[in-house]
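So the protein lines, in turn, are chains A and B. Note that my numbering numbers the first sequence so that position 236 is 237, with each residue one more than the last. Note that my numbering numbers the second sequence so that position 278 is 293, with each residue one more than the last.
Heads up, some of the hints might be wrong.
As the list claims (entries may be wrong) - List time: in silico DSBU-like cross-link candidates among lysine-lysine, alpha-carbon distance up to 30 Å:
#	chain 1	residue 1	chain 2	residue 2
1	B	89	B	157
2	B	262	B	252
3	B	157	A	45
4	B	252	B	157
5	A	48	B	157
6	B	255	B	157
As the list claims (entries may be wrong) - Looking from chain B toward chain A, a few residues come up when the C-beta cut is under 8 Å (computed):
#	residue
7	22
8	30
9	31
10	288
11	289
12	304
13	305
14	307
In case anyone wonders, no lab produced these hints; they're calculated from the structure. As the structure is a computational prediction, the values presented were derived from the model and not from experiment. C-beta atoms are modelled at their ideal positions from N, C-alpha and C, and glycine is treated no differently.
Here are the chains, one letter per residue:
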Amino acid sequence: MTAPLHEPTAEAAPSAAEEAAVAGTGAKAVQGRSLGRIAWERLKRDKLALAGGLVVLVLVVIALLAPVITNLLGQDPNEYHEDLIDPLFGTPTGSFGGISGDHLLGVEPVNGRDILARILYGARISLLVGFLSAVVAVILGTVLGILAGFFGGWVDSLISRVMDGLLAFPQLLFIIALVSVMPNEMLGLTGSSVRVFVMILVIGFFGWPYIGRVVRGQTLSLREREYVEAARSLGAGRLYILFKELLPNLVAPIVVYSTMMIPTNILTEAALSFLGVGVKPPTSSWGQMLSSAIDYYESDPMYMVVPGVAIFITVLAFNLFGDGVRDALDPKGSR
Amino acid sequence: MLAYLIRRLFAAAVMLVVIIMVVFGIFFLVPRWAGVDIATSFVGKQADPAAVEAVRQKLGLSDPIYAQVWEFFKGIFVGRTYAAGGDVTNCAAPCFGYSFRSEQAIWPVLTDRFPVTLGLALGAAVLWLIFGVAAGVLSALKRGSIWDRGAMLVALAGVSLPIYFTGLLSLAIFAFGLNWIDASYVPLEDSFSGWLGGMILPWITLAFLYAAMYARITRATMMEILGEDYIRTARAKGLKEQTVIGKHAMRSTMTPILTMLGMDLGALIGGAILTETTFNLPGLGQAVLQAIRNQDLPVILGVTLITSLAVLFANLVVDILYAVIDPRVRLA
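Here chain B stands alone, though its shape is the one from the complex (with noise of 0.2 Å):
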């Protein structure tokens, strides 16, 4: 078990590095590539020559990239000081960068907007996994029932259905046309109950998504487990069909649904972009949308790498979590 988590770390910080890389690449080679100048990005394409001379000094997006990859994980850890002449602009100890678009630090934006997005994909997975995944194991049990056939065809609408369509029909017949619930974001701290309703028709409508998702993969996954031999010796040794299905089969479906619930939890973390977009959330999916309409580099490359962290720390749980259900992953 150790050496099995020891390797998941080691393929854990590899692909930091990697994401880091890739990162950076994009918004910094790529636009240089492009002809696209990175400093006007960060004023304005307004500003006059002076400003956007004095933001690529402060930022020193004249240095080599390797210089500039440095110096902002250096910010990371020690804090960073932007210097332009006599323009000082300090930003404090966990510095992810800083937005010269919305005067702003980066870290404040993300602490302030992380709990609205955790709580959307939390809320929504435990509503998606408990429907998701007893629609599903019912249907390989009733295989070809009506039951099997209806839940099916609603999993099949289910997915393709845009999650902003269901969303804003959600909206427009729950909230404005039977007017059952007030479907503006209220923070925890202000009202429990003012939450528990602004996130309600968001955390249904993702969940209904994956709900669909997780019953069609969960379905076809119970039918072939269904098929092993190690399914017929228990049940051969007269075991009830409670157990065989409850602890023999179940243990096997879950694998494949863990590993999916890993990288979707881990990408909704990072922002459920389409969701907070319908729903209007102040979460991180909605800051790096407006950072990109507003070209506000500094901020996109702050979450996108927070993001990645995000899906990169669930998919390491999921893989410890892998090996604690199925013991043979230890050994791969």
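For reference, chain A alone in the conformation it holds in the complex (with noise of 0.2 Å):
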């Protein structure tokens, strides 16, 4: 995803003796360095934003390495304890639900399976969803928005009118509802994995309207630019200049708003699965572990920060270091 931020944006930058001349004063000399490197500068020196981005790197490492880890400690996510409930009440013995050397985050009321290791498990599919949901949305935004600006007329006041309908949908309802009505089995996948296909297909469809506005209105700016002209005065064809010329310039608002997206899914699958049209059981994830938590807020506190501050820390990671990238690749940014 980063790998087109640092090819140097040749087209827009002036030229290379402009570019020695000014080189080392003040801010033009900026704009003779690519674009990725002064994002880069830039977010080396946003300590909350590299806190975040280390922290999103770490729970990817977690949720690949999830089999490995929960085996490491003799724990598997769908093992039942129940000799550590009590059997009276339903919840974990001990204090704060059940901590202990070997369930080191509790175990779950009634049936006793190990915390972290749901945790680790529904990681998986945060993750997962959160970020295959935010591709089909950037891919699906970015190819309507940009043929939207760049052909103008008809295909854009469509295209224009299609996104402004489904900004204007009750998404949530909607997602649900359609995620409900599909069936439990296709295209050969069964259970939890159809849920996670169409939540992945579900929430992009309803994400891509928001990064499509924004590649349109850059489009639109972009295609007057002298550059284009110059491209299309040399015999460049159409695909050549979507392809070659504006799209290495959209990379910047495309990284941004995808890189913002992510939490917003991670939240919108932990919602669907807490409203139970998510995954299925067995399958954890941390919307349903809430979910299941809400019977047990008095009784068994635990059971629901666990969950909680796990969809906590993700989303507020992604979200500062999305903040961070923002202002590193804003054009307008001072420092």
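Given two chains presented individually in distinct reference frames, assemble the corresponding complex, making use of the accompanying hints.
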């Protein structure tokens, strides 16, 4: 995702001679460096954003290695430990939700499944849906936004109206409705995989207008630039202009909006699972854990705190990182 | 202004038609493509074939989709009769469908639950507008100060916290731990203080999330506007800072806030699903969620339609207010 950033945006930059002349002197010198370099140097100074990025990295590693980590801990997310449950109240024995050397974050009420293992596996669902639905949204939004901005006329009107319409929709309701009418088996997938697949598609579909609107606006202003005219006068075709001239200059806003979209999507996934239309048990997900925790908020508050904090840390990390990326890529930014 | 109004009304009407088509598409076409028999979802999977067939006849599910849509809309204005053999079910004038699961018409369910959701959304909106916008403006004016950093950090945390988690936390702390309030819902007609007690936590929880969002947007917008030429002009001609901010800057800052307010309020009025689930409030959102769990399609259809109408209406109101605040909009 970040690879294109490091390509020099030669089309937009002044000639090499000018660059050399102003190099090292204040704001103008910044233009001589590649967009990716400038952004990275700004980002490096933003400690909060770096911390956010680091947490995101750690989370991704944790999610990828979830089976390995749980094996090392000797826990299984679906193994019952009924011996750790108070038979009278159904809540874990011991303090703080049954925290012990074996169960670092305690166990669930009633069946005593290890909470840490379920949190680790839940991270996979959250990040998978969060990332992939952002990818769907970015692809749809970029393609349709660039088409609308570049071709104008009825193409623009049509795509813009669709975007306005989707943005005015009661989204959560429609996502719930769509996910719930989907069959339990499709394209050779069953159970939770279907739900994950459908959630990725549906969340991505409702997210694309946010990126589409920005890309369209940028394209509208970029297509009138001299370098596009120059390319055209040299006989460049439409496709060449779209992909070689316009797209590289759209990378910054696209990167910004996709990093900001991931935490929103993670929250949506958690909300869907919280409402019972997300992944199906026994597959674990943070939203689902919170939903079961509703019944125990009085007797076993730890059960709700753990998945809640997991969601909070994840989304906060993405938001911090996203804000940092936005500031770093902002052409008007002073830092 | 009149031309603008007519344009907005027309756009709203087009949007309404599109929403209706999409709603019907989701509930009647998607299951068909996916190979799910809708009739079974009206009576339940355990139902015997005869019952399924009766429902199919009653609801006219074998009819082409346009006929079904037409029947549905005729029902809203003149009422509807569902008949299969000797079994007849009547659904009076504003008929938004009939649930064969719960054996009741949808309209009374909607009117029952609407006040709960409306009270929740409006109460929270007042709170988040006051606190969110105030925090955002102060942050923009004192950019870089301790206050600004602190407020923005809290706001960032606010937008990162899922509402059902803050809701549960507040319940655990204030209702259960400290025992300050009785957090169960009491209808407004029964007791005002009881209603207030039941609504205060949902209001604060909901308002916290939105206030965080609004504070962030207000701050960003305000800072951009403070850099505009007309603000410099206003200062240059010797206006008091109070007037520059209060009259000139605030007016422009309010336009994007208003757009957001319209969308958010519309969406919430259509059912604050997460908040209502967390606090067990008997509103529209809870109704639709129950309906989804029971696969009670007529209820989902009715609520979805009402919700869409609420969003549409809220957007229309915002568009009109927009034109009042910002005269340039009328020409666009």
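Hints versus structure:
1. B:89 - B:157: violated, 58 Å
2. B:262 - B:252: holds, 14 Å
3. B:157 - A:45: The hint holds at about 25 Å.
4. B:252 - B:157: holds, 23 Å
5. A:48 - B:157: holds, 22 Å
6. B:255 - B:157: Judged against 30 Å, a Cα distance of about 17 Å means the pair holds.
7. 22: violated, 13 Å
8. 30: Where the cut-off is 8 Å and the nearest Cβ of chain A is about 6 Å from residue 30 (chain B), the hint holds.
9. 31: Residue 31 (chain B) check fails; min Cβ-Cβ to chain A is 11 Å, beyond 8 Å.
10. 288: holds, 6 Å
11. 289: holds, 6 Å
12. 304: holds, 6 Å
13. 305: Hint on residue 305 (chain B): violated, closest Cβ of chain A at ~10 Å, above 8 Å.
14. 307: At 5 Å from the nearest chain A Cβ, residue 307 (chain B) passes the 8 Å test, so the hint holds.
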